[in-house]
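Chains as they are written, first to last, in the working numbering: chain A, 108 to 445; chain B, 108 to 445; chain C, 108 to 445.
Just so you know, not all the hints are guaranteed correct.
[Stated by the list, open to error] Part of the chain A face toward chain C, derived, beta carbon under 8 Å:
id, residue
1, 154
2, 155
3, 185
4, 187
5, 188
6, 199
7, 202
8, 206
9, 209
10, 211
11, 419
[What the hints assert, rightly or not] Here are the simulated lysine-lysine pairs, DSS-like style, with alpha carbons at most 30 Å apart:
id, chain 1, residue 1, chain 2, residue 2
12, C, 325, C, 445
13, C, 325, C, 393
14, B, 318, A, 148
15, A, 149, B, 148
16, A, 393, A, 445
17, A, 148, B, 445
18, C, 325, A, 148
19, B, 148, C, 318
20, B, 325, A, 149
21, A, 149, C, 148
22, C, 445, C, 393
It is worth saying that the hints were derived from the structure and are not from the lab. Just so we're clear, the structure is a prediction, and the values are computed from it rather than from any experiment. Positions of the beta carbon are idealized from the N, C-alpha and C atoms, including for glycine.
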Amino acid sequence: MADNSWSRRHILSLEDFTPSDYQTVLQTAASFREVLSRRTKKVPALQGQVITNLFFEPSTRTRSSFELAAKRLSADILNFSPGSSSLKKGETILDTAKTYLAMGTNLMVIRHQQAGVPTIIAQEMDRINSGVGILNAGDGQHAHPSQALLDLFTMCATLDGAAPHIDHLQGKKIVIVGDILHSRVARSNIWSLTACGAEVHLVAPPTLLPKHFLEAFKRPVKTGEKSPPLERRLYVHWQLEPALEDADFVMALRLQHERMSQHLLPSLRAYHRRFGITRERLQGCKPTVKIMHPGPTNRGVELTSDLMDDPELSLVPMQVTSGVATRMALLYLIGGVK
Amino acid sequence: MADNSWSRRHILSLEDFTPSDYQTVLQTAASFREVLSRRTKKVPALQGQVITNLFFEPSTRTRSSFELAAKRLSADILNFSPGSSSLKKGETILDTAKTYLAMGTNLMVIRHQQAGVPTIIAQEMDRINSGVGILNAGDGQHAHPSQALLDLFTMCATLDGAAPHIDHLQGKKIVIVGDILHSRVARSNIWSLTACGAEVHLVAPPTLLPKHFLEAFKRPVKTGEKSPPLERRLYVHWQLEPALEDADFVMALRLQHERMSQHLLPSLRAYHRRFGITRERLQGCKPTVKIMHPGPTNRGVELTSDLMDDPELSLVPMQVTSGVATRMALLYLIGGVK
Amino acid sequence: MADNSWSRRHILSLEDFTPSDYQTVLQTAASFREVLSRRTKKVPALQGQVITNLFFEPSTRTRSSFELAAKRLSADILNFSPGSSSLKKGETILDTAKTYLAMGTNLMVIRHQQAGVPTIIAQEMDRINSGVGILNAGDGQHAHPSQALLDLFTMCATLDGAAPHIDHLQGKKIVIVGDILHSRVARSNIWSLTACGAEVHLVAPPTLLPKHFLEAFKRPVKTGEKSPPLERRLYVHWQLEPALEDADFVMALRLQHERMSQHLLPSLRAYHRRFGITRERLQGCKPTVKIMHPGPTNRGVELTSDLMDDPELSLVPMQVTSGVATRMALLYLIGGVK
Numbered sequence: 108m109a110d111n112s113w114s115r116r117h118i119l120s121l122e123d124f125t126p127s128d129y130q131t132v133l134q135t136a137a138s139f140r141e142v143l144s145r146r147t148k149k150v151p152a153l154q155g156q157v158i159t160n161l162f163f164e165p166s167t168r169t170r171s172s173f174e175l176a177a178k179r180l181s182a183d184i185l186n187f188s189p190g191s192s193s194l195k196k197g198e199t200i201l202d203t204a205k206t207y208l209a210m211g212t213n214l215m216v217i218r219h220q221q222a223g224v225p226t227i228i229a230q231e232m233d234r235i236n237s238g239v240g241i242l243n244a245g246d247g248q249h250a251h252p253s254q255a256l257l258d259l260f261t262m263c264a265t266l267d268g269a270a271p272h273i274d275h276l277q278g279k280k281i282v283i284v285g286d287i288l289h290s291r292v293a294r295s296n297i298w299s300l301t302a303c304g305a306e307v308h309l310v311a312p313p314t315l316l317p318k319h320f321l322e323a324f325k326r327p328v329k330t331g332e333k334s335p336p337l338e339r340r341l342y343v344h345w346q347l348e349p350a351l352e353d354a355d356f357v358m359a360l361r362l363q364h365e366r367m368s369q370h371l372l373p374s375l376r377a378y379h380r381r382f383g384i385t386r387e388r389l390q391g392c393k394p395t396v397k398i399m400h401p402g403p404t405n406r407g408v409e410l411t412s413d414l415m416d417d418p419e420l421s422l423v424p425m426q427v428t429s430g431v432a433t434r435m436a437l438l439y440l441i442g443g444v445k
Numbered sequence: 108m109a110d111n112s113w114s115r116r117h118i119l120s121l122e123d124f125t126p127s128d129y130q131t132v133l134q135t136a137a138s139f140r141e142v143l144s145r146r147t148k149k150v151p152a153l154q155g156q157v158i159t160n161l162f163f164e165p166s167t168r169t170r171s172s173f174e175l176a177a178k179r180l181s182a183d184i185l186n187f188s189p190g191s192s193s194l195k196k197g198e199t200i201l202d203t204a205k206t207y208l209a210m211g212t213n214l215m216v217i218r219h220q221q222a223g224v225p226t227i228i229a230q231e232m233d234r235i236n237s238g239v240g241i242l243n244a245g246d247g248q249h250a251h252p253s254q255a256l257l258d259l260f261t262m263c264a265t266l267d268g269a270a271p272h273i274d275h276l277q278g279k280k281i282v283i284v285g286d287i288l289h290s291r292v293a294r295s296n297i298w299s300l301t302a303c304g305a306e307v308h309l310v311a312p313p314t315l316l317p318k319h320f321l322e323a324f325k326r327p328v329k330t331g332e333k334s335p336p337l338e339r340r341l342y343v344h345w346q347l348e349p350a351l352e353d354a355d356f357v358m359a360l361r362l363q364h365e366r367m368s369q370h371l372l373p374s375l376r377a378y379h380r381r382f383g384i385t386r387e388r389l390q391g392c393k394p395t396v397k398i399m400h401p402g403p404t405n406r407g408v409e410l411t412s413d414l415m416d417d418p419e420l421s422l423v424p425m426q427v428t429s430g431v432a433t434r435m436a437l438l439y440l441i442g443g444v445k
Numbered sequence: 108m109a110d111n112s113w114s115r116r117h118i119l120s121l122e123d124f125t126p127s128d129y130q131t132v133l134q135t136a137a138s139f140r141e142v143l144s145r146r147t148k149k150v151p152a153l154q155g156q157v158i159t160n161l162f163f164e165p166s167t168r169t170r171s172s173f174e175l176a177a178k179r180l181s182a183d184i185l186n187f188s189p190g191s192s193s194l195k196k197g198e199t200i201l202d203t204a205k206t207y208l209a210m211g212t213n214l215m216v217i218r219h220q221q222a223g224v225p226t227i228i229a230q231e232m233d234r235i236n237s238g239v240g241i242l243n244a245g246d247g248q249h250a251h252p253s254q255a256l257l258d259l260f261t262m263c264a265t266l267d268g269a270a271p272h273i274d275h276l277q278g279k280k281i282v283i284v285g286d287i288l289h290s291r292v293a294r295s296n297i298w299s300l301t302a303c304g305a306e307v308h309l310v311a312p313p314t315l316l317p318k319h320f321l322e323a324f325k326r327p328v329k330t331g332e333k334s335p336p337l338e339r340r341l342y343v344h345w346q347l348e349p350a351l352e353d354a355d356f357v358m359a360l361r362l363q364h365e366r367m368s369q370h371l372l373p374s375l376r377a378y379h380r381r382f383g384i385t386r387e388r389l390q391g392c393k394p395t396v397k398i399m400h401p402g403p404t405n406r407g408v409e410l411t412s413d414l415m416d417d418p419e420l421s422l423v424p425m426q427v428t429s430g431v432a433t434r435m436a437l438l439y440l441i442g443g444v445k
């Protein structure tokens, strides 16, 4: 499983990930998926190492997924909970991180409501030559790389269960529907999916997907060992039906209730009427189309309950399952960087 | 320790437990009690398996007991905490459970303030052939089977320390005093104790023990391999003294302060005067009488402080200790069902 | 590592610690520091034992430090969280402690906002011959022995990295600056540092260091095998500059914001102007002077940011690192008392 081509100490965003990076993650996750199917599901890969979960923004689902991944790798885990912490006593976030560093932390998994916090901590950790690796578990509306990577693994493993490979995504049409503007999940998925050669179609009302949105993705792609796509194939739609035509994967994003109070949406019902995924609307997609959602789902809003529960259509449980193997892969890869 | 006679994947209530089920639990708990007396207190029984504590209703005591039981069985543990969870974001309870299933959970320990939630989750887990076992750790006023089973173990181990057996309960008189109406502990104990041949006497003011209370327990008992008592020996008292006569065990229930604001009780002091267990009132009991309480105790309300602290009389610490061994037994038994 | 001279089952305060006790802690911590530098950082010393963290006063930093120490010793850990606990249901603190005892706890680490709580629990645990050891992790304004012991280790390891010894503290000048009156850290450090032969200088405005403060430390020192200093060398200052002259170590204490609302201080800025540690003010100290702080720090109040971040001057990260080794030593020592 050792991969000499991996040299990233931190995973903060997918902006500069190369196709080779993605493929390394897929292969490593696939080998951990195999470990998880055994009776003894543990490997001693990170024995004696300390992984600290710094979740400044509370989360049960993502924290549990990382916690289980860390346990499967035999690491020791410390959980920082902001509720009862030194932050309330005036300590800076950097000092909190340095305290956990001084205790012996090797890897930090960081979630924060403000974009950029994991990057700032990573820069400081490098500046002082700490040797600590940082994994961004979601920062504001910026990035959620482990989610996009587990989504990538889920899609590639759906296309080829035995040997998930990014090449299978070439030319596939992926539709992302929902609150694109405020979604770190969408942003990270746009970087990964376009870099792997998929065609990405974004769908939302204009309040959640303004015209200028694509600007951020127009910078030149950095080169890896494989030549990346010359131009990202990324499209914007303000109506659902035309976007869904011939789609291979439809990813619905979570709609946050506060978008209503911000007057960005009239009502959940109105949203569902125009952008909710229903069985009927899937008619125009490829016959093999699959539905995805990062969770937690508002049933009957982003998609109907019967789609969510249809094992032929919904990849939602597989996304969660892939999450553990993918996060094991990420912790393993950055944990091995000297 | 393997028991081929056990076939329950879930433990949701004790209504349909057979004497043979109870005896299997007792024997398994006794063997784990022996494990806990060794220097190395762990067994690899559930190594690699994931036990998730879904405690929608917060609890420190019961969660700690289950957590220690799971650690002793070498399982990996995930703790779901409702405070910072997806539930606040509109996710359904079933979707929360399915998320933990998809992560790789093998057993779920569920507590919820609403009766029936663990049953609904168990039904869904069976419907989708998940193979997951559910253990009800307390649901509303419905059931708290692990508490009643640890109480059963405590009584039988008091009657015969070396080989706890349900037969020793035959004809024993057990008095349950307190807020019967709202108590899931009382309900589960009534099923187990009457099924094992004990005589159960319920005592409370009429507001906490209405006339119709017994109706729920009048359904025919399902038959197991041993013939169950033809009629449950279950009695209601509205006065304490006559009930205590010749009692073998007196179990006081926790009185919740909100019963006062609901006008079901005049005051804690008035309650203690009529229904509080005191040394004087125990005069009429058997000389070997023992006191029990599921905890946490309001000292001076349900029972006097000196009784609580009298190691000759109080089984309260033994109940807590038996809790770990009994919960190990339950997790082990349902974890072994294919 | 076994030390036959250690006989304390509890560590509640340092008042009666002998020089030999301190030296045993230093030696044991030094050997665990060596363990922590290995690739496999665990020892099986407390395998099968249960350590319960009873943190009635919430704390993330200290709890994490104890948790990691316990994991490194291979103990099982239970965490009691007051937020969702039986305390809210009217249970007494002693009953909470006894519940965890009955579950199988061997060692309890206790923090409480009221002085004396760990002592009361320890007395009860001894009275009932529980065999449980209690470690005070901070009680009100009374004591925080593990902090003072990690401070002692940090100083002695700074003076001689290879073989930390209390003799190196003989005649050293240590200045403690800040909210002395309300600080359990200051109290515990005064006992340890004066007992080891250091000269301790306390500095604060009179509202935070009243004249009578020294009274508490004037009782005769109990004798150990080495003759302790006949008189504690302990001095009070109400001005910073004269105190700092020729200082070897300057320990700044955390200033709590509520001291302002209590009218004990005009403002943070005024405090910093008179008592804040700055590079300029360190001119009068020994050239080898080091800065310490128990954390969390209010940068720019107790000390300037640049001092905090100067690895030549600040021992703050080393204090945190020493904390894990020192707490391993304390748990190991009291865990070995029969």
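Now the hints, each set against the structure:
With 8 Å as the threshold, the beta carbon of residue 154/A comes within range of chain C, its nearest partner Cβ sitting at about 7 Å, so the hint holds. Given the 8 Å rule on beta carbons, the hint for residue 155/A holds: about 5 Å separates it from the nearest Cβ of chain C. Interface restraint check for residue 185/A: the shortest CB-CB distance to chain C comes to about 5 Å, inside 8 Å, so the restraint holds. For residue 187/A, the interface hint holds, the least distance from its beta-carbon to any beta-carbon of chain C being 6 Å, beneath 8 Å.
Interface hint at residue 188/A: satisfied, since its Cβ lies 6 Å from the closest Cβ of chain C, which is below the 8 Å cut-off. Because the beta carbon of residue 199/A sits about 7 Å from the nearest beta carbon in chain C, less than 8 Å, this interface hint is met. Taking 8 Å as the C-beta cut-off, the interface hint given for residue 202/A holds, the closest approach to chain C being about 6 Å. Contact between residue 206/A and chain C, as hinted, is supported at the beta carbon level, the nearest pair being about 5 Å apart and thus within 8 Å.
At a threshold of 8 Å, the smallest CB-CB gap from residue 209/A to chain C is about 4 Å, leaving the interface hint in force. A cut of 8 Å between beta carbons decides the hint on residue 211/A: the least distance to chain C is about 6 Å, and the hint holds. Look at residue 419/A: its Cβ only gets to about 41 Å from chain C, farther than 8 Å, so that hint breaks. Restraint check for residue 325/C and residue 445/C: the C-alpha separation of about 33 Å exceeds 30 Å, so the hint is violated.
This hinted pair checks out: residue 325/C and residue 393/C have alpha carbons roughly 29 Å apart, not beyond 30 Å. Straight-line distance between C-alpha atoms of residue 318/B and residue 148/A comes to about 54 Å, which puts the hinted pair past the 30 Å bound. Of the supplied pair hints, the one linking residue 149/A and residue 148/B holds, its CA atoms being roughly 21 Å apart against a limit of 30 Å. For a cut-off of 30 Å, the pair hint linking residue 393/A to residue 445/A is broken: about 45 Å separates their Cα positions.
Note on residue 148/A and residue 445/B: the hinted pairing holds, with a Cα-Cα distance of about 18 Å set against a maximum of 30 Å. A C-alpha spacing of about 60 Å is found between residue 325/C and residue 148/A, which places the hinted pair above 30 Å, so the restraint is violated. Only pairs whose Cα atoms come within 30 Å are accepted, and residue 148/B paired with residue 318/C is rejected, the gap being roughly 54 Å. For the suggested pair residue 325/B and residue 149/A, the alpha carbons sit about 50 Å apart, so the restraint of at most 30 Å is broken.
In summary, the hint linking residue 149/A to residue 148/C is supported, as the alpha carbons are separated by about 18 Å, within the 30 Å threshold. Annotation: proposed proximity of residue 445/C to residue 393/C is violated, straight-line Cα distance about 45 Å (limit 30 Å).
Hint compliance for this structure: hints 11, 12, 14, 16, 18, 19, 20, 22 are not met, and every other hint is.
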